[in-house]
Amino acid sequence: MKLRRREAGLGWGILALYLCYTAVFWGYPFVWMLILALSRWRFVGKPSFVGLQNILRIFVDSMFWRVFWNTMNFLLYFVPMVFVAALLFALALNKMKYFKTFVTLSFLVSYVSSGVAYSIVFQRIFSEIGPLNRFLYNTFGFTIPWFSDPQLALFSIALMVTWKFIGYYGLILYSGLQAIPKTIFEAAQLDGASRWTTFWRITFPLMNPAVVTVLILSVNLSFGIFTEPYMITGGGPMNRTLTFLLYMYTTAFQRINPSYATALAIVTALINFSLVLIVRKVVEREVSFE
Amino acid sequence: MKRFKTVLFHTIMLFLAFLWLYPYLWLFVSSFKPSAEIFTKVVPSRFTLDHYRFIFTMAEKMKRPFLRAFMNSLFITTTVTFSVLLTSTIVAYALAKLRFRGRGAVFNFVLFQMLFPGFMFIIPLFVLIRNMGLYNTYAAMIVPFLMSSWGLFMLTQSYRSIPQDYIEAAKIDGASTFWIIFRVMVPLSKNTISIVSLFTFIGVWDNFLWPLMVVKDYSKMPLSVLLATFNHAYAAYVGPLLAGSVIQTIPMVLIFLVFRKQFLQGIALSLK
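Going down the list, the protein sequences come from chains X and L.
Numbering follows the working numbering, with no gaps: position 283 of the first sequence is 283.
Numbering follows the working numbering, with no gaps: position 227 of the second sequence is 227.
Bound-form chain L, shown alone (with noise of 0.2 Å):
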């Protein structure tokens, strides 16, 4: 009785993940349906990479180069996730390992900042944008972002678990700043720094409302809002639709099942 009950109870949460990755399923095998079988079978008669093709290559033609779009998105994300790990990982450092007055409110502003939720700054975020001229360019969407308080905060609290001895002894070996943030701070801080970058690469790659107001051109588009455009304007064309949203959909998921460790302890850390 007592195994049956198990293996009743597994089967049951066996289904259940099923359930939950069937939309992600649904879009995978539907994009490589022919048009005319995506709503009407569930197992195609062939499998086509037509969709893919007519991203690629007749996309330009509609005014949404696709392959640029992904390359933006590319670009802007792994810009802005390096600039916050470089610049968190070197001001966290002041913060928890200098010893000097005003440190602590410093620290205290940083915690004031995270208080205010990002969409009450957008607009007036955008006003600054156009005041400074980069309305419609790719620096609207990566300079905003240069620098993250979460990141900091998150840095900073695990450079405080690390025991000032390292860095004395470092100082004892001669070792400049630089070199005690880049071979003890930073090695030493291995999982915030993973949890770090994974949360701010996929924040950047899916943001949608911000690139949506400061881009207008299509060819310097990331990919979210491309395909958000194409879908107003050719909503008929469900295979090409679904094939971009698999491309859409892949880095990240790609990035989470990388970091899927660091993860588990980003969401057990969020406790704390």
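The following block holds chain X by itself, in its conformation from the complex (with noise of 0.2 Å):
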């Protein structure tokens, strides 16, 4: 009985320094946060209360529908095309036998790429005169105005995201294969089914957690954009490139309302929130290999 008590005692010794740092740096800004999205404020004197004007006004902000669409251009230039060579890649992966290391080792480097630093390198590959643009013309006869034309800078964006995260969503869509029973895939040989019939029919909806994991991923990193279109576009060309957080830093920090910016926070969130939601209803499926 004692020994419990002790136990407990130091349990909660640990704990409580884990709750009294979350209570400052997480319980304070969450309290804040719905301070602030329910009042008017501009960094000094007391925030006065407004009620839901903030959230309704979101509503009626053409420029948050501008940031809307395109967050849901983005969505669907990047997520089909990121989740498409994901799975070429893991399937190419599978079949290897020599070189996979270093292949493996290619495509997960740009991973770690600093955002900062890819933004700047792109921007120069991308650039008027650089070098793919060289290629194309020396071989093609034409350029193309990959950050500067209104439509296609916010899908160059998405093709640098692409090649920074392919490796590492490949990487999980492979190991979601490599937890298929290969005994599966003989018992289909041996009843005659053809590739074909066999990806669709067993590999693919087996690897249905890691095709969840994913999808789940993209979309939450699609909500998180800011520093490619910061350092490359910053927003334009014709704000087609302005994202939920660029706007939000914006309106913060340059138009000086913090209050606004956190409502547009929540609702940023809420978006993301039902959209992996529904992803969740569409796609997850229970998975056993018996």
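In case anyone wonders, no lab produced these hints; they're calculated from the structure.
One or more of the hints may lead you astray.
[As the list claims (entries may be wrong)] Below, in silico cross-link-like pairs of lysine-lysine (BS3-like), each with a Cα-Cα straight-line distance of 27 Å or less:
no. : chain 1 : residue 1 : chain 2 : residue 2
1   : L       : K2        : X       : K95
2   : X       : K2        : X       : K97
3   : X       : K2        : X       : K95
4   : X       : K100      : X       : K182
5   : X       : K100      : L       : K216
6   : X       : K182      : L       : K261
7   : L       : K216      : L       : K63
8   : L       : K2        : X       : K46
9   : L       : K171      : L       : K190
10  : X       : K2        : L       : K216
Mind docking these for me? Both chains are given alone in their own frames, and the hints should help you get the complex.
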């Protein structure tokens, strides 16, 4: 009995460390988030309560809708592109016999590139006089305005982000592939299933947990894009690369409206969250290897 | 025929691997090219260290102290990584191995915390940092990240798989709690600890938005932010910019290569 009491004392003693820290650096901001979203405040004085005004204003804010459609547009480019490429990468890796480690590391090293540094690099590689346009000009006789065309700019950013994440997502899918027992494939082969049928009827459905993980990661990532447009386009041309985070940042620190920016953050998180729920609802299946 | 197919397939994969490495190769080679040849020649007439020299000497006069920024980044990143490891290894012990009422509730709270995306909190957190008088200090970049609910979660999961017998045996030998944590639990969770350090290090080193918000003195900026301000003000200095990007990239790539085995295991873990 005494021993148990001592164990509880020790446990709560250690947890107190965590709980106190969390109360200050998580609890306090959490409360402030709610206060800010419901009031008007410009970094000085006391916040004045305005109820749901900030939230309601978002829905008539034309810039918010611009950002919303930009993000949907980005999702439409990025998610299918990165998913298909990562899936092909995972399948190819599964087939490789030689240089497997080298290829894996080559694709993964882009994942650990620094956001600022790779933005600087891609801005130069994709620039009017950059190596990519020079190559296009020399072989096909035309150049592409990667970051200056309103529609292309967002696509170019999606390309960069795809470059960065294919290796990481591909490996998640690859480990999902590895988790499937080999005997299942042998059984399918004995039953005379073609490769195509085997993939769509057996392999892909059994990879479901990995597929769901990759889809959720890529959706969450799309809502958190900041460094690339900040560094390369500044949100332009014609606000077509303005993302939620960039809009939030400029609202809070350039237009000095932190309360509206906080309301934006909450609405953004809600949209993000509902999209993740939809993905889970549509894609997620119970998988067992019995 | 089959042999030909195998060779072709591997050649294509190797080509793709080089294509994926190309931005890195271009960055690295270009940072050693003379300024006039960066966009004009694939193979430069000579290699030069001018851009690196510029970054470490001239940039000081342009109020962009790169060397100092590199040290700032190193200091901030190692402090945060060390603190996350230390706090997670201790707190996870209480969450995984000590038996008492309320433990489950706290663990659920950790999971609950992980549901919220970080961007929801940055503006209120900024308000907190300003109210604490920490705006434009190193502390602003360190203190909010001393503990991580993700690190705590990972280590708790790892501790749970360690048999209780090990702890009982150590207790019989008269081991103290901290001896058990650092001599029994930590060595048995090496993989998880490597994963947590790797991701924390990369996350902090590459963090951009937060230091951009809380620091305004060039002398206190981490490398990521300093490089960004240099890009905005002196975009025409392509050579030095690329040299700066190489310096910003190297620590991340190095730590990735050192921990690559754990990294690969970490990806498999993230599925569970």
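Hints and how they fare:
A C-alpha spacing of about 13 Å is found between L:K2 and X:K95, which places the hinted pair at or below 27 Å, so the restraint holds. The suggested pairing of X:K2 with X:K97 is violated, with an alpha-carbon distance near 61 Å, which exceeds 27 Å. Our distance criterion of 27 Å between C-alpha atoms is broken by X:K2 and X:K95, whose separation comes to about 60 Å. At most 27 Å may separate the alpha-carbon atoms for a hinted pair to count; X:K100 and X:K182 meet this at roughly 20 Å.
Proximity of X:K100 to L:K216 is assessed by CA-CA distance (about 45 Å); at most 27 Å being required, the pair is judged violated. Using a Cα cut-off of 27 Å, the hinted pair X:K182 and L:K261 holds, with the two alpha carbons roughly 24 Å apart. Annotation: proposed proximity of L:K216 to L:K63 holds, straight-line Cα distance about 12 Å (limit 27 Å). For the suggested pair L:K2 and X:K46, the alpha carbons sit about 75 Å apart, so the restraint of at most 27 Å is broken.
Between L:K171 and L:K190 the alpha-carbon distance is near 22 Å, which keeps this suggested pair within the 27 Å criterion. The straight-line distance between the Cα atoms of X:K2 and L:K216 is roughly 55 Å, outside the 27 Å bound, and the hint therefore fails.
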